[in-house]
Amino acid sequence: MSDGQESLSPAPLLEVRNLKKYFPIHKGLMRKVVNHVRAVDDVNFFVREGETLGLVGESGCGKTTASRCILNAFPPTSGEILFREADNRVTDLTKLNRQELRRFRPQMQMIFQDPFASLNPRMTILDIIGEPLYVNGMRNRAERSDQVAELLKLVGLRPEYMQRYPHAFSGGQRQRIGIARALALHPRLMVADEPVSALDVSVQAQVLNLMLELQEKLHLTYLFVAHDLSVVKHISDRVCVMYVGKVVEMAATLELFNTPRHPYTAALMLAVPVPNPARRHLIQDLPGEVASPANPPSGCYFHPRCEHAREVCRNQSPQLREIAPGHFVSCHRAEELQLAGIENAKPHP
Amino acid sequence: MQNQPLPVPDRQEPLLRVKDLKAYFFMDEGTVKAMDGVSFDVFPGQVVGIVGESGCGKSVTMKAILQILEPSAKIVSGSVTLRNRVDSQNPNSPEETLELTHLHPNSKKMRKLRGAEIALIPQEPMAAFSPVHTVGDQIIETIRLHQDVSKKQARQIAIDVFRSVGISMPEQRIDSYSWELSGGLRQRAIIAMALSCNPRLLIADEPTTAIDVTTQAQILKLLRSLQEERQTSIIFITHDLGVIAQMADEVVVMYLGMVMEKGPVSEIFSNAQHPYTQALLRSIPSVQSAPRIKLPTIAGSIAHPFNRPAGCPFHPRCTHFMRGVCNVSQPKLTQVAKNHFASCFLFQTAGESLVKSGTEQN
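Read top to bottom, the protein sequences are chains A and B.
Take the first sequence: its letter number 215 is residue 214 in numbering that gives the first Met the number 0, and every next letter is one higher.
Take the second sequence: its letter number 84 is residue 83 in numbering that gives the first Met the number 0, and every next letter is one higher.
Isolated chain B, as found in the complex (with noise of 0.2 Å):
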C-alpha cells in the first residue's frame, strides 16, 4: 500500500495502527460518511494530534477505536490493529495483536482494553462524573474492574494517582462530588480516573475545551509532564490549531472523514502542503499577529454530511480546484516529504511540476 507510512527501522512497530477505516451512520435520511478511509499509526510514546474542524470525524475515529459507536453506526471497513499486553497490569507481560474490528463492542475482552489499555479523557468532565457517587468511588470501581486488589488498595491507589496529577489534599478530596470540584480540578479528576489503571493508550478528546485559559496552560502542561514521566501514547483530538501545536509529536489534519494530510508537528507548521492545511494556518488570528488586518479566508462553509462533495471533499472551498480532476475521483495519500503524507491531486497526477507550482502560488 503506497498510502501507509512503512515502519521507520529507528522506530518500533507502532502500538495502535488505523488503517483505511469507515464508518457510517446508516438513518431515515441517508448515510453519513463520518469516517471514509481514515489511516495513522501511533507508536510507542507518541503523541498523535487529530485536528480538524466540527463534522470532520474526529470524534468518530475515537468512538471507532474504543468501539463505542452510537448504534446507527457502523465500521464498514477498515481496521485498528492493538498491541496489546496480554496482563494489563504487567509491564513486562508478554504482548499479543488484537485485531479490535473484530471484536464484539460488548466482549469481555473489549471490555476488559477499555479503561486499561487505551483510556479516555473526555471533553465535559462534569458529564463523565456521576454527580451521586464521589469520585473517588468512581475511581476506585475502575481499578477494581482491572486490577486484582482490595478496596482499601483501590483507595490508595487513586490517591497515589491523584497525588500525581497534582491535587492537592488527595486524601479529602477523593471523597467529593465532582460538582464540589472546580473546573480545573474536575479535569485533572478525570485524568486521573484514566490513568489509574496505567494505560498505553489514552485517548484525550477535546480535554481543554471547555475550560478556562490559564487552567489550560496548568493542564496542557500536566499532560505534557505526565507523558513524558510515563511514556504513554496520547491520541489528542482538538478543533485549535494552538493547543495541536503545542502537544503533539504528529499530526494528522481531517476534513469531512478524511484525512487530508499528516506528518510530523514542526513539518505540519511549517511546510504544510496542503491546500486546505495551507489555508487553516493563514486564517486563524494569532496573539502574535498584528492587530486589526484583514484575515486571509477560506471560502463558504463545511458541507453538510448528507450531501458531501463528490471527489475531494475540500474542492469547493480550494483555491487550487482542478475542474475535472477534483470534482470527479478522490485523491490518495501521498508521500510529499518524509513521513509526510497530503491527499490532495496537485502531488499526484503530474508529480513534482505541479508540486511546485502549487506552494508557489502561496
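Isolated chain A (complex conformation) (with noise of 0.2 Å):
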C-alpha cells in the first residue's frame, strides 16, 4: 500500500524540521547551567493529511517533548514546525507568538494518556467537553448542549450522562471523553499521546477501534505517540522510531516490520514478548541500556549496544537518509545489513 500510492498521497498535514528542544540542567548556588539534556535532538518528520504517523520508542527517547512541542506546550529549542492550513498556507508555529497560536490551537488537539488525571473532577462532562467551545466563542449554554451530546454520540457514550461527574466513568469511558473534548472544535491534527497505555487489554481495543473509527468518518491525521509497539502497528500508516532524541528509522508501517533497516528497530522489535508460547526461543535482548540523552554517547549513539557497530560508528554521527522511497533510516551500515523483521502470523482463531 506504500509504494503506489506514494506519488498521490496528499502534502504533509505538519512537517518538523531539524526540531532540538533542549532542557538546561543547573547546578549549584547560582543555577549555573552546567549542561543540557538533549531530549529532542534535531528531528525531522512529517504526517500527510488523513494518517496516523506512530512516534514509538523507549523511555527518554523524546517522543513525548517532539509532541508537546509541536502543540507549542512549551516553545522548541530551534527548528521549524510547518503546519498547513485548510487553504493549503504553510506556516511555521515557531515563529508565532502567543495571540498569533491561538489561530492554531483549535487545529491540533490532544488526547492525553491517563483518563483519571486529565478531567476535572469537580467539572461535569458537559462542562468539560463544553470548555473548548465556550472558550472559542459558543457562548449559549443550550447550544453546546446539543454540541455535547453530538460529540458523546460519536465516541459511543450516551448523551444523558453529560450531567455526570468523570468519577462515574470507567477507565475507557473516561478515554472516550476525553476524544470527544478533543473533537469538540474539529481539529486537523491529533496528537495522542500514550492513549491507550493506562487501559486494560480488554478495553484498549475499543478504543483503537474508536479511533480508527472517527480518523475515516471526521478525516482526522493523527501523531500516535506510544512505547507499544503492537499498538503503534496496529493503528499507524507509518511509522517513526525514536531512540535517545533522534529519529533513527521512518517508514510505512509493513515495511518497518517486515524490513527494518536500523538495528535497533530490529532489536525493539524483537525484544517484545509474543503472545504464543511456542516462540519462546524468539524473544531477543539487547545488551545494554537507553543512553542518557544528558550525556549522550560519540557518533552514533546507539553505537555502545549495537552488534554491527564499527569504527566510523563510534566517530561519525549517521544522517537520516532516503534509502528506499519513503523509507527513512539514520545508520551508517543501513545498504549492507540483513536484519530480521516480524513476520505476520495468522490471526487469532
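Hints are computed from structural coordinates only; laboratory data are not their basis.
Be careful, since some hints might not be right.
Claimed, not checked - 20 Å max Cα-Cα, derived EDC-like pairs, lysine to aspartate or glutamate:
# : chain 1 : residue 1 : chain 2 : residue 2
1 : B       : Lys293    : A       : Glu79
2 : B       : Lys293    : A       : Glu50
3 : B       : Lys293    : A       : Asp227
4 : B       : Lys220    : A       : Asp284
5 : B       : Lys220    : A       : Glu306
6 : A       : Lys26     : B       : Glu179
7 : B       : Lys21     : B       : Asp147
Claimed, not checked - Simulated DEER-style distance windows between Cβ atoms:
#  : chain 1 : residue 1 : chain 2 : residue 2 : range
8  : A       : Glu321    : B       : Arg162    : 54 to 60 Å
9  : A       : Pro286    : B       : Val324    : 50 to 56 Å
10 : B       : Val131    : A       : Pro9      : 53 to 59 Å
11 : B       : Asp86     : A       : Phe115    : 45 to 51 Å
12 : A       : Ser316    : B       : Glu228    : 40 to 46 Å
13 : A       : Arg121    : B       : Phe25     : 43 to 49 Å
14 : A       : Lys216    : B       : Glu228    : 52 to 58 Å
What you are looking at is a predicted structure, and each value in this text was computed from that prediction instead of being measured.
Built from N, CA and C at the ideal position, the CB exists for glycine as well.
Given two chains presented individually in distinct reference frames, assemble the corresponding complex, making use of the accompanying hints.
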C-alpha cells in the first residue's frame, strides 16, 4: 500500500524540520547551566493529511517532548514546525507569538495518557467537553449542550451522561470523554500521547477501534505517540522510531516491521514478548540500556549496544537519509545489513 | 472436590497449594470480594502465571499468600498450604507442611518464611528500596535476618548474588543507592535481594511493567535462566499476555476475584475454552498481526468491585450469556481437557454438547 500511493498521497499536514529541544541542567547556588538534556535532538519527520504516524521509542527517547513542542506546550530550542492550513497556506508555528498561535490551537488537539488525571473531577462532562467550545466563542449554553450531545454520541457514549462527573465513568469511558473534548473544535491534527497505555487490555481494543473509526469518519490526522509496538503497529500507516532524541528510522508500517533497516528497530521489535508460548526462543535481549540524553555516547547514539557497530559508528553521527522510497533510516551500515523483521502470524482463531 | 486438580502421579506434590481462598475487604462503603474462591497449585520448579486485568485480584492473591494484606482485608476462608523446609538454608532439610492462613501475620514463623522460603519481586523497585540506605546494606540485612552469618560473609553472599543476576562490577555497585542505579540495574538488584536467601518460591508481581521493552527482554531472560538453574518455583503475576506466554508453564486467568480458566500455557493460548480468555486473546493487538484492522472487542468494562454482577462475574460482557443461568449462580471450575479447567456454564450444565456448540461459534 505504500509504494503505489506514494506519489498520489496528500501533502504533509505537519512537517517538523531540525527540531531541537534542550532542557538546561542547573547546578550550584548560582543555578549555573552545566549541561543540557538533549530531549529532542535534530528531529525531522512529517505527517500527511488523513494518515496516522506512530511515534515510538523507549522512555527518554523524546517522543513526548517532540509532541509537546508541536503543540507549542513549550517552545522548541530551534527548528521549524510547519503546519498546513485548510487553504494550503503553510505556517511555521515556532515563529508565532501567543496571540498568533491562538488561531492554530483549535486545529491541533491532544488526547492524553491518563484518563484519571486529565479530566477535572469537579466539572461535569458537559462542562469538560463544552469548555473548548465556550472558550472559542460558543456562549449559548443550550447550543453548547446540543453540541456536547452530538460529540458524546460520536464517541459512543449516551448523551444523558453529560450531567455526570468523571468519577462515574470507567477508564475506557473517560478516555472516550477525553477524545470527545479533543474533537469539539473539529481539529485536523490529533496528537495522542500514549492514549491506551493506562487502560485495561480488554478496553484498549475499544478505544483503538474508536480512533480508527473517527479517523475515517472525520478525516483526522493522528500523531500517535506510544511505547507499545503492537499498539503502534495496529493503528499507524507509517511509523517513526526514536532513540535518545533522534529519529533512527521512519517507514510505512508493514515495510518497517517486515524489513527494518536500523539495528535498533530490529532489536526493539524482537524484544516484544509475543503472546505465543511456542515462540519462546525468539525473545531477543539487547545488551545495555538506553543512553542518557544528558550525556549521549559519541557518534551514533546506539553504537554501544549495537552488534553491527564499526569504527565509523563510534566517530561519526549518521544522518537520516532515504534508503528506499519513503523509507528513512539513520545508520551508516543500513545498505549492507540484513536484519530480521517480524513475519505476520495468522490471526487468532 | 471435583474442581481441584488431582495430583498427577508423574508430578511431585505441590510446593504451594491455594485452595478456595477468599479474601474480602471490609470497608465503610461495603464489602469488596477481592478474592472469591481462588484455587491453584504450584509444583516445584514450575512457573505459574496469574493473568488478569485491574481489579481481578491478582495482587491480593500475592498478598494473601504472604499474609501482608491491608488491615481492612481479611482472609475469610480457604487455605494456603506450603511445603516448607524446616531449616530453610539447608537444601537437604526435612520438610513440614504449613497452613499459612493459621499463622498470625506477625508471628515469628511467618516472618521467617517471608524472604527465606517465599520471596517477592515487587513491581516498582524504586519504591521497594529505601533511598537512604545502600542497596547492599538492605540485601545484607535480609541475609543476616535469615542466615547465621557474619557481616563480612553476608556481604560476600550479596556480591555473589549480584554477580549471578548479571550486575557488572558487583563490588562497587553494592555500595550504591537505589537512585544511582538505572531502571534495569535496579530491577536486577531487587531480584538479587529476592534470591539472596535461596527461596523455593518466588512471587513476581508485575516485575517488568515499569520498565522499557528492551530492558524487559533482558529481565525476562534473566528470570528464565535463574529459574532453570535453581529450579525455583515462580508465581508470575502480570496483565501482559505476551509476558505470560513467554514465561509461564501453567496459567491462571482471573477476572473479578475468580479463576476463569487455568491450564498449561500451550492449552490456554491455543485452545482457550472460557469465553473471557478467548475474547481477551482476540482483542490484543500483536506485532504479528496486520495493521489497521478492526480488533474484536469485549463489550462494556470491568464492573466496579462494589457492584459486582451476580452469578458469573463476566456475564454482562459475555457473548455466550445464557439468561437464567449465568446471572443466577456462579459456575464451578470444571475440567475441559487434561489439566485444563474452566469455570463456565458452557461446560457444566449440558456437558459435551454445549462445549462443542460453544467453541464452534468462534
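Evaluated hints:
| no. | hint | result |
| --- | --- | --- |
| 1 | B:Lys293 with A:Glu79 | 35 Å, violated |
| 2 | B:Lys293 with A:Glu50 | 16 Å, holds |
| 3 | B:Lys293 with A:Asp227 | 18 Å, holds |
| 4 | B:Lys220 with A:Asp284 | 8 Å, holds |
| 5 | B:Lys220 with A:Glu306 | 18 Å, holds |
| 6 | A:Lys26 with B:Glu179 | 18 Å, holds |
| 7 | B:Lys21 with B:Asp147 | 37 Å, violated |
| 8 | A:Glu321 with B:Arg162: 54 to 60 Å | 46 Å, violated |
| 9 | A:Pro286 with B:Val324: 50 to 56 Å | 54 Å, holds |
| 10 | B:Val131 with A:Pro9: 53 to 59 Å | 57 Å, holds |
| 11 | B:Asp86 with A:Phe115: 45 to 51 Å | 48 Å, holds |
| 12 | A:Ser316 with B:Glu228: 40 to 46 Å | 41 Å, holds |
| 13 | A:Arg121 with B:Phe25: 43 to 49 Å | 30 Å, violated |
| 14 | A:Lys216 with B:Glu228: 52 to 58 Å | 55 Å, holds |
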